[in-house]
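Chains as they are written, first to last, in this note's numbering: chain P, 38 to 287; chain X, 71 to 508.
These are computed hints drawn from the structure, not numbers from a lab. Hints should not be assumed to be uniformly reliable.
[As the list claims (entries may be wrong)] Quick list of the computed label-pair ranges, beta carbon to beta carbon: (1) P:163 <-> X:465: 27 to 33 Å; (2) X:450 <-> P:45: 46 to 52 Å; (3) P:177 <-> X:113: 36 to 42 Å; (4) P:177 <-> X:361: 37 to 43 Å; (5) P:223 <-> X:152: 17 to 23 Å.
Bear in mind that the values here come from a model prediction, so they are computed numbers and not experimental data. Backbone N, C-alpha and C fix where the C-beta goes; we use that ideal spot for every residue, glycine too.
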Amino acid sequence: MLKINDLHAGIEGKKILKGINLEVKPGEVHAIMGPNGSGKSTLASVIAGKEEFEIKKGNIELDGEDIEEMAPEERSHNGIFLSFQYPVEIPGVSVTNFIKTAINESRKAQGLEDMPANEMLKKIREKAELLEIDRKFLSRSLNEGFSGGEKKRNEIFQMAMLEPKLAILDETDSGLDIDALRIVANGVNKLRGSDNAIIVITHYQRLLDYIVPDFVHVLHDGKIVKSGGKELALELEEKGYDWVKQETVA
Amino acid sequence: MDLKDKLVSSFMAFEDGIDVNDPVHDIRSEAIKNFETKGFPSKKEEAWKYTSLNNLQKIDFSVFPKQESALEYKDIKKYFLHEIDTYKIVFVDGIYSSYLSETTHDGVDVCLMSSALTKPMYRQIIELYFNKIAKKEDSLTSLNTAFSKEGAYIYIPKNKAPRKPIQILHLATGNEASLMLQPRNLIIAEENAEVQVIERHQSLTSNEVFTNSVTEIFAAKDARVDYYKLQNDNANASLIDNTYIDQKDNSVVRVHTFSFGGKLTRNNLNYYQNGERIDSTLKGITILDGKQHVDHYTLVHHAQPNCESHQDYKGIYDGSSTGVFNGKILVDKIAQKTDAFQQNNNVLISDKATLNTKPQLEIFADDVKCSHGCTIGQLDEDALFYLQSRGIPKKEAGALLMYAFANNVLESVRIPELKARVNKLIANKLGVRLGFEL
């Protein structure tokens with residue numbers, strides 16, 4: 038599904054990603070872990086198409102097609118979704134109206150008519166239930182005055198509505214208490230399927246207790262320095278990132 | 071002959087049509103003298119530094135409306151807030167249209183300035199209020215006063231409120247190649263009275279129209295006045311709006327100015343707080359493109375203690391449009407415990423758009439809270455990326471962000487149908503179809 042080949046990218050002349058190779062197949066969950074500044078969020082932004090980042094070398098393929106030239110909205114229409122670490126506040130636009138706009142813009146790009154209102158409502162209700170979101174929340178302005186937990190839950194709600202092929206969860210666990218974490222993880226798990234894939238980006242192992250990955254990759258200084266199964270996350274938790282850093286040097 | 075000379079020499083002809091023995095006429099005569107002395111303001115004056123009236127003065131405007139032109143309601147319906155029932159005072163080329171209007175004398179007076187100025191039953195009120203708060207030294211105000219004859223007259227007695235909002239609509243048919251209009255409005259809310267007014271100037275063709283309007287608003291003790299100005303006129307319509315507000319104890323006056331169109335618009339909005347515990351609210355949304363120009367020139371004069379003012383203007387400028395915000399807050403020495411707030415935020419979408427923003431605070435009291443801030447920026451790249459990553463194309467994403475940026479100004483609009491209308495105008499103005507009804 039996703040294939041990243043020798044990806045080098047940076048911002049304003051500063052090199053951040055220094056040769057990433059990663060392949061994600063349908064049905065898989067990959068975790069990318071690493072210390073602060075290792076390039077985790079940059080990788081997420083580059084896959085989603087943030088324009089400030091420049092790709093110097095290498096490529097990103099989605100279902101065999103190069104996507105580097107695509108605008109962020111085109112990547113979204115092709116099934117990429119990024120759950121933001123810091124979602125943006127949009128006063129005056131309700132959660133419901135925002136998600137309606139997003140869905141209908143995607144449909145428009147695919148040559149489809151707007152989703153009928155009753156179908157939309159049904160879907161919103163269904164997905165809101167999945168994430169234990171109540172109706173009042175949906176009429177609030179997007180992310181405005183939301184708690185950390187509400188913001189993240191709302192990100193996953195959007196993911197549930199948009200049904201992406203590939204979802205990237207960037208530090209979705211940060212700022213969450215244990216109850217919110219459980220609800221969010223539970224929502225994500227219910228969205229797992231044999232034809233979609235998830236990349237979980239996290240600093241801590243905690244989230245991976247709930248969203249169990251098939252693969253764990255450790256990012257350090259812009260490169261994947263170690264890959265393994267879910268047990269690698271536990272090992273990291275125990276030994277700390279210095280262990281990987283030292284091993285890399287050695 | 072330039073416009074000033076034309077206007078001054080027209081005054082005699084104007085006198086033929088009115089009662090020159092009326093006391094109001096002395097006021098007019100004084101006013102034309104002042105205009106003759108001062109003329110149109112020029113860019114040399116600090117207050118007019120960024121707005122030039124030179125081009126307007128070169129146009130050969132007809133200064134007297136001829137006869138009433140017949141318009142059908144269905145052709146102009148869209149310019150009304152027609153979703154709700156309202157009183158309507160409608161002028162076509164400056165002449166009152168009884169056919170399109172709905173006035174009342176049922177406990178309140180919602181009618182015509184021409185009646186108020188001439189009928190004996192209104193004499194006392196006119197003597198008390200007419201031209202009392204309008205700035206007599208101001209040349210454009212004087213010009214309007216000199217030719218004051220027609221406009222809206224609204225009088226709400228003590229403890230009363232009209233059953234529905236009032237719309238004042240000035241239509242220009244384009245029957246004249248270029249037309250100058252000078253409406254004069256007087257709005258009086260007596261003690262504990264309440265009124266909501268929506269005002270709109272609309273040219274129906276691309277012919278030149280120049281409106282120099284004066285509105286005096288008097289809010290007595292405990293009165294509440296909401297005044298909404300909807301400015302979305304054609305590309306050759308220019309407006310100078312001179313609004314003067316006199317507030318007494320505990321009164322609340324809120325003016326919302328929505329500037330979405332027109333060639334040149336100047337809003338001179340003046341609040342005089344002549345009482346205590348007054349609330350003055352001034353809000354504006356400006357969205358311009360092309361070569362449009364809007365100049366907001368506000369004054370809040372805190373002349374008594376314990377009063378508040380809230381000022382919030384948002385601007386979005388595209389094309390080679392130009393905007394000006396000059397907000398003056400004057401706090402007299404006795405006006406202790408004043409709480410004055412002023413905010414002006416702007417987004418420049420195009421490199422060619424320009425904006426001049428200038429807060430002007432003159433504070434002579436020592437125990438006051440005054441804050442002001444102005445920003446000029448571009449759209450937030452992170453926010454754009456967030457929306458794009460949800461599949462919303464860049465153009466629509468930008469529009470959505472601008473909508474969000476301007477939206478909080480609408481919170482204080484108390485007529486839901488008007489709020490919905492303004493939202494639609496914003497969406498239209500931003501040129502996108504958003505995926506939901508705004």
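Hints, verified against the model:
1. With their beta carbons about 31 Å apart, residue 163 of chain P and residue 465 of chain X fall inside the hinted range of 27 to 33 Å.
2. For residue 450 of chain X and residue 45 of chain P, the hinted distance range of 46 to 52 Å is not satisfied, since their beta carbons lie about 28 Å from each other.
3. At about 47 Å, the beta-carbon gap between residue 177 of chain P and residue 113 of chain X misses the expected band of 36 to 42 Å.
4. In this structure the supplied range 37 to 43 Å holds for residue 177 of chain P paired with residue 361 of chain X, their Cβ-Cβ distance being about 40 Å.
5. A hinted range of 17 to 23 Å is violated for the C-beta pair residue 223 of chain P and residue 152 of chain X, which are about 50 Å apart.
The structure is inconsistent with the numbered hints 2, 3 and 5, although it conforms to all the rest.
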